[in-house]
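Novice: Spelled out from the first residue to the last, the chains are:
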Amino acid sequence: MKKQTFDTRPAGPKPWNDPQVRSIFFQTIAIALVFWGGWVLVENTLSNMESRGISTGFGFLDETAGFGIIMNLVPYDATMSYGRTFWVGLTNTLLVSAMGVVAATILGFIIGVARLSSNWLVAKMALVYIEVIRNIPLLLQIFFWYFAVLSNLPSPRQSVDVGGALFLNNRGLYLPEPLTQDGFGLVWGGILLAIAAVVAIRVWAKKRQLATGQIFPTFKVGVAILIAVPIISYLAAGSPIEWDIPALKGFNFGGGITIIPELAALWIALSLYTASFIAEIVRSGILSVSKGQTEASKALGLPNGLTLRLVIIPQAMRVIIPPLTSQYLNLVKNSSLATAIGYPDLVAVFMGTTLNQTGQAVEVVAITMAVYLTISLLISLFMNIYNRAVAIKER
Amino acid sequence: MTESTMKAPKKALRPVKWMRENLFSGWFNTVLTLGVAYLLVTSVGPLLNWFFLDANFVGSDASDCTGAGACWLFISQRLNFFIYGFYPDELQWRVDVMFLLLAVAFVPQFIERFPGRKWLGLFGIFGLPVVGYFLIPGGAFGLEEVQSSKWGGLMLTLILAYIGIIASLPIGILLALGRRSEMPIIRGICVIFIEVWRAVPLITVLFMASVMLPLFLPEGVNFEKLARALIGITLWQSAYMAEVIRGGLQAIPRGQYEAADALGLGYWRKVGLVILPQALKMVIPGIVNTFISLFKDTTLVLIIGLFDILGTVQSTVTDPAWQNVAIEGYVFVAFCFWIFCFGISRYSQNLERKLDTGHKT
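Chains as they are written, first to last, in our numbering: chain Y, 7 to 401; chain F, 143 to 503.
Worth flagging that the hints you see were computed from the coordinates, not collected in a lab. Accuracy of the hints is not assured; some may be wrong.
[Claimed, not checked] Below, in silico cross-link-like pairs of lysine-lysine (DSS-like), each with a Cα-Cα straight-line distance of 30 Å or less:
#1 F:Lys412 <-> F:Lys260
#2 F:Lys367 <-> Y:Lys297
#3 F:Lys159 <-> Y:Lys297
#4 Y:Lys130 <-> Y:Lys212
#5 Y:Lys304 <-> F:Lys159
#6 Y:Lys130 <-> F:Lys496
#7 Y:Lys130 <-> F:Lys159
#8 F:Lys292 <-> F:Lys412
#9 F:Lys367 <-> F:Lys292
#10 F:Lys260 <-> Y:Lys339
Extracted from the complex, chain Y is given alone in its bound form (with noise of 0.2 Å):
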């Protein structure tokens, strides 16, 4: 007998309730909605522009630009381009953003430590430190630096010197730059001598003590060829180098390196307020090691020292790095209020003076956000690489 098959399955959906269907409409939908967007954008823009006469295309990066800028890193006068300003203001950018970041991370964990320190006063004091600078905007907090304190700082001719070589004064901080001469070679050579060697030896010591468990100090030794060569290199070479030292010319000082009073004021703001971002972080990064892990280490029989550098320390890092990252963002990001005090960075140089000469508004603010959005990628994929290497490694 021949069996009849019943098709159990129950009625499919009706299309317009099929979840697929729907998906790919509303899809479809959204597409053609950012696309419709983006068209009347470019339309609107187009057509503004033409009534306005300006023209489009990066072309105008190649003109003259015929302003000066007071602090640049890579050379540059009035007589040359616009796409020489963008490199001024990034590296200006970089520049500062690099000094916040080595600055606020040495002051953040000194803080983030002190807060947890038993010794009850500095505890406090590191509390309150938190507290006061973290609830004030870091743009008042620039202004006060560059305008309550350092403009207030005394004239050239009166100017804090410190030995004859440095001084301070309300144009900025004049130090003594050093001129390599010839030979200096050698030095280089040195200092790559000694890395080397410090990395040759630090795997030999690691080596040594998987295979026979006597501990090299290599910190100690490290440290002292790293000082050590460089410094016989430099006396062996006959010292080559020279320092320009700053001196009093007319109204002003010259020679040396200066350090403007904007960059320094911006520097110190910024540096100060996401120091106090990181020291909270450091401090529950601390706060999240079990106190088994200290006492485990401790039965080891590991010194307080080793304690902290190979247990504790690890641990916290894994707490610690992805919110310092997001500092380190926004401390880049933060960076870009050097405008409001005239610190040439690229939003005041690019984005600013530039843009109001050339009115090329779209190109201009399309690059600088670009460049932004590189650096945020650049440092969460570093972060990311390193936090992958220090992430709890599982089986």
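Chain Y is already provided as a structure; the job is to place chain F on it using the hints.
Specialist: Coordinates of chain F only, in the frame set by chain Y:
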């Protein structure tokens, strides 16, 4: 109980012992304590003198500031400008009404068991913007119109932060839902939107809003400077808001989604009735924290030429009628911001402790 059991010794507060344990344990701590104490003693005295003892409180203009200390006279004389900006004197009652309503709506939130505090909070979120929309600019119901270019001071700071947070909330919710969506294209659009705004500094967003927005719009359509700044702030803030809300969405157990599906609820009812009420409650502290950072960031609008509270102070400290009052001005603004931010952050910490039900996954 046997004879030999003894009561635990009383823990009397013994200052000497406390100090030995907390301040002078070991030579390092002693040195540290003495150093910090020395710094405190040498700096607190002059600061107190500057702030209070040598300061000038009464008088009418700069010539009355004769003491060596702070010139608080400057603040009290220009206080009206710092709070209302250029808002006409005789119409300032409208702003005062808004301040009052704001206080009525939000101060009870700090007091537990205040009757009807939920409704006051909802009024603060939904009703207050409507009232403010008619009251502050005027131009309707027989109220005299006040151009937005005349708004300034503390009032403008509050308007920017308040509208920024209220307007970014719905956009942030949509973006967060989009980022958690199963449709790849919608998810992609939301991810790109969120990440781009989060990567760029607010100042570039404000520049963009003031320079590029007029180019984007069809000819004839134009916004005032304040509206452009608000659009920029809202878009930027909504990206941060989306990330906060996404945290809440991720914390909802899968079972809740599946239960809602099993009940036959459609997407919007599932989200609106089951998921969002739980998720939003969970992220209230996060939203409050974003509000604090937005509140501090509103000071940036002075760079595009709006007069918020820092802008008004900054423009007066350069006034030749007053000499060297920059520090007083900055201290005043810092104090205003600090009171707000510290108070709100304490509130959010309190809330976090209360909302922490202990069964987080």
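Novice: Within a Cα-Cα threshold of 30 Å, do Lys260 of chain F and Lys339 of chain Y meet the stated pairing?
Specialist: Violated, at about 37 Å.
Novice: Given the hinted pair Lys130 of chain Y and Lys159 of chain F, is their Cα-Cα distance within 30 Å?
Specialist: 19 Å, holds
Novice: Does the structure keep Lys367 of chain F and Lys297 of chain Y at a Cα separation of 30 Å or less?
Specialist: With a Cα-Cα distance of about 56 Å, the restraint between Lys367 of chain F and Lys297 of chain Y is violated, given a limit of 30 Å.
Novice: Between the alpha carbons of Lys367 of chain F and Lys292 of chain F, is the straight-line distance 30 Å or under?
Specialist: 12 Å, holds
Novice: Is Lys292 of chain F close enough to Lys412 of chain F, meaning Cα to Cα at most 30 Å?
Specialist: 46 Å, violated
Novice: Is Lys412 of chain F within 30 Å of Lys260 of chain F, Cα to Cα?
Specialist: Roughly 24 Å between the alpha carbons, so the hint for Lys412 of chain F and Lys260 of chain F holds.
Novice: Straight-line Cα separation of Lys130 of chain Y and Lys496 of chain F no greater than 30 Å?
Specialist: Holds - the C-alpha atoms of Lys496 of chain F and Lys130 of chain Y are around 25 Å apart, at most 30 Å.
Novice: Going straight from one Cα to the other, do Lys159 of chain F and Lys297 of chain Y come out at no more than 30 Å?
Specialist: 25 Å, holds
Novice: Given the hint that Lys304 of chain Y pairs with Lys159 of chain F, does the C-alpha gap stay at or below 30 Å?
Specialist: 27 Å, holds
Novice: Given the hint that Lys130 of chain Y pairs with Lys212 of chain Y, test it: the Cα-Cα distance must not exceed 30 Å.
Specialist: Violated, because 42 Å separates the two Cα atoms, which is more than 30 Å.
Figure legend: structure checked against the earlier numbered hints; hints not met, in rising order: 2, 4, 8 and 10.
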